[in-house]
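S.K.: Here the protein sequences line up with chains A and B, keeping their order. Numbering-wise (this note's numbering), the first sequence opens with residue 16 and increments by one. Numbering-wise (this note's numbering), the second sequence opens with residue 16 and increments by one.
FYI, nobody ran anything at the bench for these hints, they're computed from the structure. Here a beta-carbon is modelled for each residue, glycine too, at the ideal position from N, C-alpha and C. Honestly, I wouldn't trust all of these hints.
Think about it this way: if two alpha-carbon atoms lie no more than 25 Å apart in a straight line, the pair counts; the simulated PhoX-like pairs of lysine-lysine are [what the hints assert, rightly or not]:
(1) B:Lys543 x A:Lys279
(2) A:Lys351 x A:Lys531
(3) A:Lys505 x A:Lys552
(4) B:Lys552 x A:Lys85
(5) A:Lys543 x B:Lys279
(6) B:Lys85 x A:Lys279
(7) A:Lys422 x A:Lys355
(8) B:Lys552 x A:Lys552
Computed from the model, here is a short list of chain A residues facing chain B with C-beta under 10 Å [claimed, not checked]:
(9) Asn111
(10) Asn112
(11) Asp154
(12) Phe467
(13) Asp470
(14) Asp564
2 protein chains.
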Amino acid sequence: MTQNTLSTDVLIIGAGPAGLMAGTWMAQTGIKAMIIDKMPCRTQRGHADGIESRTFEILDSFGMADSIWKHANRTIDLSIWNDCESDGIQRQCISNNCTPGLSRFQEATLGQGQIEENFIDFIQESSSVEVKWNSYPVDLNMCEGSDYPVRVTVEMRTSERETSYTVNSKYLIACDGAHSWIRTALGLKLEGDQTDEKWGVIDLIPLTDFPDIRKRCIVKSDYSQLMIIPRERRLVRCYVQLPHEVAAVLWKEVDPALLVNIVKKILSPHTFEASNIEWSTIYTVGQRLCTTLSMYNRVFLAGDAIHTHSPKAGQGMNVSIQDTYNLGWKLASVIKGKAKSSILHTYQTERLQIAIRLIEFDKRMVQGVFQMDSASSVENASSMSNQMQDTLEEENGSASGVTALYKPSCLITRSWDSKGHQLVRPLLPYSKIELAGKLAVGARLPNTQVLFQCDSRPWSLQRVLRSTGEWHLFIFGGDVSINTQMTRVKRLASELSRDETLVNRINQRDHDCVGKISTYLVHCAPRKSVDLMELPKLFIPFDENLGYDYWRVFADEELYSEKRGRAYQQYGIGAEGCTVLVRPDQHVALIGTLDDFAAIELFLGNFMTLV
Amino acid sequence: MTQNTLSTDVLIIGAGPAGLMAGTWMAQTGIKAMIIDKMPCRTQRGHADGIESRTFEILDSFGMADSIWKHANRTIDLSIWNDCESDGIQRQCISNNCTPGLSRFQEATLGQGQIEENFIDFIQESSSVEVKWNSYPVDLNMCEGSDYPVRVTVEMRTSERETSYTVNSKYLIACDGAHSWIRTALGLKLEGDQTDEKWGVIDLIPLTDFPDIRKRCIVKSDYSQLMIIPRERRLVRCYVQLPHEVAAVLWKEVDPALLVNIVKKILSPHTFEASNIEWSTIYTVGQRLCTTLSMYNRVFLAGDAIHTHSPKAGQGMNVSIQDTYNLGWKLASVIKGKAKSSILHTYQTERLQIAIRLIEFDKRMVQGVFQMDSASSVENASSMSNQMQDTLEEENGSASGVTALYKPSCLITRSWDSKGHQLVRPLLPYSKIELAGKLAVGARLPNTQVLFQCDSRPWSLQRVLRSTGEWHLFIFGGDVSINTQMTRVKRLASELSRDETLVNRINQRDHDCVGKISTYLVHCAPRKSVDLMELPKLFIPFDENLGYDYWRVFADEELYSEKRGRAYQQYGIGAEGCTVLVRPDQHVALIGTLDDFAAIELFLGNFMTLV
């Protein structure tokens, strides 16, 4: 046994989706980090497989969505089947599996291993983050007063050798799953219910004449219940409830052939066999939560370490990725000295509410969809029950992460109406007119289509919001072909360009992206009436080697016969325009008028650090 | 000097776009081929840069479009500037640079080297095709009666060594450019006009306040003329006409700084400097053509070896790629013994007409756009001249390759109306009703959107047409929820499934894709009314390891709130349906009724080989 000491800025325990997302932020921002995992390599088969639209948006902000979207299976239809007295199961209805328009991506399915592969590839492009397999923590100490106060003893065990070393780190992120060693070491617990209802999961290539095998299906027979999830290539995942007599026998001894047999019985009179069984497991339904997400403002828990639930809504991997997506840029900003460490407290408040909602939703999902009285469904044979419909719609909206709304904090502004009621949609002063009636402060900026002013290429505004640690300040300048409006934009630009303003001082700290504020103009004048070069230089920064940066000005207009534009309408922004300040994780921090430059300065002054 | 003899099925001279496209077909179909090129490696900078929509469709059929589309610059606007008496140039108008709706891709620009890189990556994935650099032909002989009748002596020269060897091949493709050694060796010539008008080309990163620098621009000043092509990253290509006094000095001594100076003068009073000049050259405008495209049915010429012209319409690389895209699958089919060698004669007839049109178009382009009287344009200062507009529209349509229409031959059926006039749009028997009024026999199948019957995923029908050497037979079955229509589809399917039919015997020759006929059903019944498993087994082939192939049946229907479907409407197909047989290069070979199975058999019997 050798014993030595390493030091790193961030130690991440667990190389599952939550840990890898944390590592991805560190790689992107150049923060020194180490990820350890007890497994010998990434997930090979099975485990999570659902990717929600919000997760795709996040992956895309690191350039990782394309290849995952290309390989994933997009599930369009949801088909409900029920038992009928005589003839076995019959189709009750087919409906839309995703609510259109919530995101530019849709829910899709792909094995967890392939998603991890993309993260690992991204991380390995950088030199700042290291992944160590076969490694697990055995001791945790906090050393107050040190710059590297978190001390973890790590053991690494392979067939050839066993080593042990100490890692001193500034911060620790525990992504070590439902049985988190770190959580236990901190004296924290998952609390909640565990039922004795058991389900089997099986990934297979089916040989079947069941006609809806490539749709998402919920099948309820007298014998048992089944959910079918079509997957990448010809794979299909089946979730199957174990009938009591089977559950007693099967527990801990997973015989996939028995699971296939249950599916076969449920789908009867259709044929069903498995050609290739890739993976299978059995789980007990339960919803459990740890309400402490961080300790000492140094140790943070994420993913299954703080929330476990049934896998059938395909939420697990998504909420886990979204947990550390929320945390990563904050840590990078603090470690780089760009922001006060107090911003890290927002992780607890922002993500706990999401975890609570996840657990509540999962309960509704299990009850609303799978414990529905099958007799009642026969009565409404042509349509879904309201409860079921509501639950499934919630799955598409709030549960997918696109509607997550973070509460006011040092990183989300607060605004009130004239009666002192808090608003998520700020008003024009002295009016009841909302500045951006379809945006909410605290929610992620939804996508919209705009055109580059310089070359008229259509562009998704969300694609501007790359995850680099930068903040994005959008100036919705209105119709700048009108003189008065152009004057307002020029005044704001000149405020933002003055040497002594905070925005400027923040941007001139160094050349690093983290903590910078990038400014963009989105106008709604006819694009041919605007001369790019006559706009304030703030929007067309010049570099002596690269020339002008022409891609910071957007027009909100339709493009020839293509239906584009309508960004102002989609965001609910009026002729007077507004400013929208967006955090590095794409959540709106502030919506203000074009004239209230002071509000931006005040907000940033609260947490930004100027040396 | 060592001397030895190698043998290969296809020897390709030249590793430019035409040669690499030929090599890509050989790699895809597993045909042994060798590509030689006198250069030490692929193009590094400059040369061609325009990719037309049809070329993207072709690249996509090999899975190569995504990465090229991602890196290329899409050019939306075309901006025309003219000199004004006093103030220098002024913008005359901005219009659409591409005609929407012709293709699912649009014209874009990317350096030739990056496109070659994609081809080379594809070729190197296969083991059947070898690329040899620093190698050129020095001798060509035909050896009649041999299986490998084409004998080429190749010299390979590097700084370290010089070798020479003989390559015996079944076929030779000469893609060795405007100064083709092979063409000269065959005693053939490029014929046509060469003017003394000289143009400079320069790829640079501009430092300029000219506001349309990221649009395609045509700028005519009293001093000279300029075309601006925005490119990938921050690059811009400038084509600039050399004023006579400069042309005399510059010829053969390209000083890029002088070219930049001419651009600067034309764009005055705007500023213009180059930060980085990547590449530059000078050319003389001319249009030349070699009307013999093949000799001995063994040697084929393609690309610049048969047509040279001015580069400004961005056609060169496209027509070259399209030449060998036409040839490659035919060669593979003959070499594999799937088709008679007589099909190779269609290369000459199909591509010569395209080359002739290219040359004619280029003349119109040079005259219509660049030699227009600048006085006349001032009169219509707000709009383009009709001649210019027509030429530019032609550039988007016919010149881009999407409307190429191949004439009847053994590979394109012929049909007549009752008066004996030939039709490209076959009629229903005893009627004047067109079977598919918006498709043309001989043209490439345009794209349309359909849904997979099994999982409702929207799909571009053109994506089914992967370039593998397979033929694709689409059964447009009409509304199969109507009994009589389903009966017709079942009868056709049963004909196609009989052991003794030609289609079946062709498909059972072996497991290779080349020459196979794949069958698909596209119906227009409401998709929820169709039970996939009740369709003829022809459309849901079963494999004992992979299960059913569920992805050969498509529904023509809108998808929830998304605008999809309308394939029947877009193709002009009526309720009675039709069959559409598509060649391996996506061109429609036959349009027939659902009942005229004999026509398909007759057509295939003409050129398919059955051992």
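S.K.: For a C-alpha distance cap of 25 Å, please report whether A:Lys351 and A:Lys531 respect it.
M.R.: holds, 12 Å
S.K.: Does A:Lys543 pair with B:Lys279 here, judged by a C-alpha cut-off of 25 Å?
M.R.: holds, 24 Å
S.K.: For the pair supplied as a hint, B:Lys552 and A:Lys552, is the alpha-carbon distance within the 25 Å limit?
M.R.: violated, 66 Å
S.K.: Assess, step by step, whether the Cα of B:Lys552 is no farther than 25 Å from the Cα of A:Lys85, and give holds or violated.
M.R.: Status violated; Cα separation ~29 Å.
S.K.: Is the interface hint satisfied for A:Asn111? The criterion is a beta-carbon contact with chain B at less than 10 Å.
M.R.: Given a least distance of 5 Å, the restraint on A:Asn111 holds.
S.K.: Is the interface hint satisfied for A:Asp154? The criterion is a beta-carbon contact with chain B at less than 10 Å.
M.R.: violated, 47 Å
S.K.: Within 25 Å, alpha carbon to alpha carbon, are A:Lys505 and A:Lys552?
M.R.: Given pair A:Lys505, A:Lys552 holds - Cα atoms ~10 Å apart, limit 25 Å.
S.K.: Holds or violated: is the Cβ of A:Asn112 closer than 10 Å to a Cβ in chain B?
M.R.: Holds - the Cβ of A:Asn112 comes within 10 Å of chain B, reaching about 9 Å at its closest.
S.K.: Quickly compare the C-alpha distance for B:Lys543 and A:Lys279 to 25 Å and report which way the hint goes.
M.R.: holds, 24 Å
S.K.: Would you check whether A:Asp470 satisfies its interface hint, that is, whether its CB is within less than 10 Å of any CB in chain B?
M.R.: holds, 4 Å
S.K.: Is A:Lys422 within 25 Å of A:Lys355, Cα to Cα?
M.R.: holds, 19 Å
S.K.: Answer holds if the nearest beta-carbon of chain B is closer than 10 Å to that of A:Asp564; otherwise answer violated.
M.R.: holds, 9 Å
In this structure, the hints that do not hold are numbers 4, 6, 8, 11, in rising order.
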